[in-house]
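Input sequences plus hints: build the corresponding full structure.
Residue numbers 12 to 414, in our numbering, belong to the letters of the sequence shown in order.
You can trust all of the hints, since none of them are fake.
Simulated crosslink set (DSBU-like; lysine-lysine; CA at most 35 Å straight-line):
1) Lys339 to Lys354
2) Lys354 to Lys312
3) Lys312 to Lys339
Hints in this document: simulated from the structure, not taken from any laboratory.
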Amino acid sequence: MSRRFPLLVVSVVGLVGASMSTVQAAPDEDRVAAIQVELVESRQALNGLYANAAAASEQYNAAVVAAERADSEIAELDGQIAEAEAELETERTSVADLTLRQLEGNDSIQAISSMVGSSEPRELLERAGAFASTQDAVAAQISQLEAKQAVVRTVLDEAERAQQRRDDALAAQRSTVQFIEDTIAEAEQRQGELTGERETLLAELARLQELSVDEVTSRQDRIDERIDSSGPSSVPEGAPGGSGGENTSPSPNRPAPTTEAPRPTQPPPPPPAPKPPPPPPAPNPTGVEAMIGYAQAQLGKPYQWGGAGPNSFDCSGLVMRALEAAGKGSPRVAGDQYNAFRKIDPSQRQRGDLLFWSNGSGIYHVAISLGGGRMIHAPNSSRPVEIVSDTWMGAPQLAARPF
Numbered sequence: 012m013s014r015r016f017p018l019l020v021v022s023v024v025g026l027v028g029a030s031m032s033t034v035q036a037a038p039d040e041d042r043v044a045a046i047q048v049e050l051v052e053s054r055q056a057l058n059g060l061y062a063n064a065a066a067a068s069e070q071y072n073a074a075v076v077a078a079e080r081a082d083s084e085i086a087e088l089d090g091q092i093a094e095a096e097a098e099l100e101t102e103r104t105s106v107a108d109l110t111l112r113q114l115e116g117n118d119s120i121q122a123i124s125s126m127v128g129s130s131e132p133r134e135l136l137e138r139a140g141a142f143a144s145t146q147d148a149v150a151a152q153i154s155q156l157e158a159k160q161a162v163v164r165t166v167l168d169e170a171e172r173a174q175q176r177r178d179d180a181l182a183a184q185r186s187t188v189q190f191i192e193d194t195i196a197e198a199e200q201r202q203g204e205l206t207g208e209r210e211t212l213l214a215e216l217a218r219l220q221e222l223s224v225d226e227v228t229s230r231q232d233r234i235d236e237r238i239d240s241s242g243p244s245s246v247p248e249g250a251p252g253g254s255g256g257e258n259t260s261p262s263p264n265r266p267a268p269t270t271e272a273p274r275p276t277q278p279p280p281p282p283p284a285p286k287p288p289p290p291p292p293a294p295n296p297t298g299v300e301a302m303i304g305y306a307q308a309q310l311g312k313p314y315q316w317g318g319a320g321p322n323s324f325d326c327s328g329l330v331m332r333a334l335e336a337a338g339k340g341s342p343r344v345a346g347d348q349y350n351a352f353r354k355i356d357p358s359q360r361q362r363g364d365l366l367f368w369s370n371g372s373g374i375y376h377v378a379i380s381l382g383g384g385r386m387i388h389a390p391n392s393s394r395p396v397e398i399v400s401d402t403w404m405g406a407p408q409l410a411a412r413p414f
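Pasting the structure below:
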């Protein structure tokens, strides 16, 4: 499901090779190259684990929002059920009372007898009309009773569906939490293992290159910083089994397959060149700077999946709070944030725009553009809120302008 980016490995290894131009040729160049590649790929794999956990955080957020939505819906439906059942009971009482009065005061036998005993046609018609009127009244009450029963059944069915949605959202929360915790635990365990492996490999590399361990370690530290600043080496996979919510925003469009059209007898005239789309309106500077000011005040605070401040954040939690600080309401989930604001082409991004990254299951990351190729975001559990290149995770696939 993930795709590798081998160019980074090549470039980093090339960097190492360039820095060794004045060093005596290694006695085992193949082994040196293998160690260098292993160090780079191990670091990238570790970053990928943290990125997967961060991507799953958005699925967790979507499940939380879905459960809260279902809770509100259930509470509203409970009120509707109570009201409908009260009306139903009133109708039942009315039908029972009317039927009882008919049986006690003018049952069918009495009504027929009275009509037979009538000496005048007018009196006969009047008594027959009264009997029919009573019957019609009972029938009307029964119809109303049946209508109220149908309303109660409809509301009960909707409440059952809402409860199922809530159960599904809670199940999605549990599975996503488990995935995140397992992935972070795996990353932390792998990080501990890599510490020992890294020391062993660097010691071997120092011996092969006839350098001190401190020199090789310092050089590798710089390489690791470059790897970290380049973003994850694969598209985060996120938690299995969907989001459990509504974080199903579009992935970048793919062209539909085409079929070959029949050749015309005469070449058609060339179509007129399409007019370029007008650029989106410039963002409001007041709102933009308030939003960015809040986000920058959070620099260095730790990442926490599901976090929305004030002491820790995930990516959409940081964006939501920054927008709120600028007086703009915002949904909680990255996919909903994309849908809430004016969509723009990512190539037209400016300072204050929201940048999004998406995989096959929806949007998994959001950041705030600072302009000039930079952005501020809450990346993952291994890094705090920070400012990096806006292609840290590859070029953003989607963008929106909230101001």
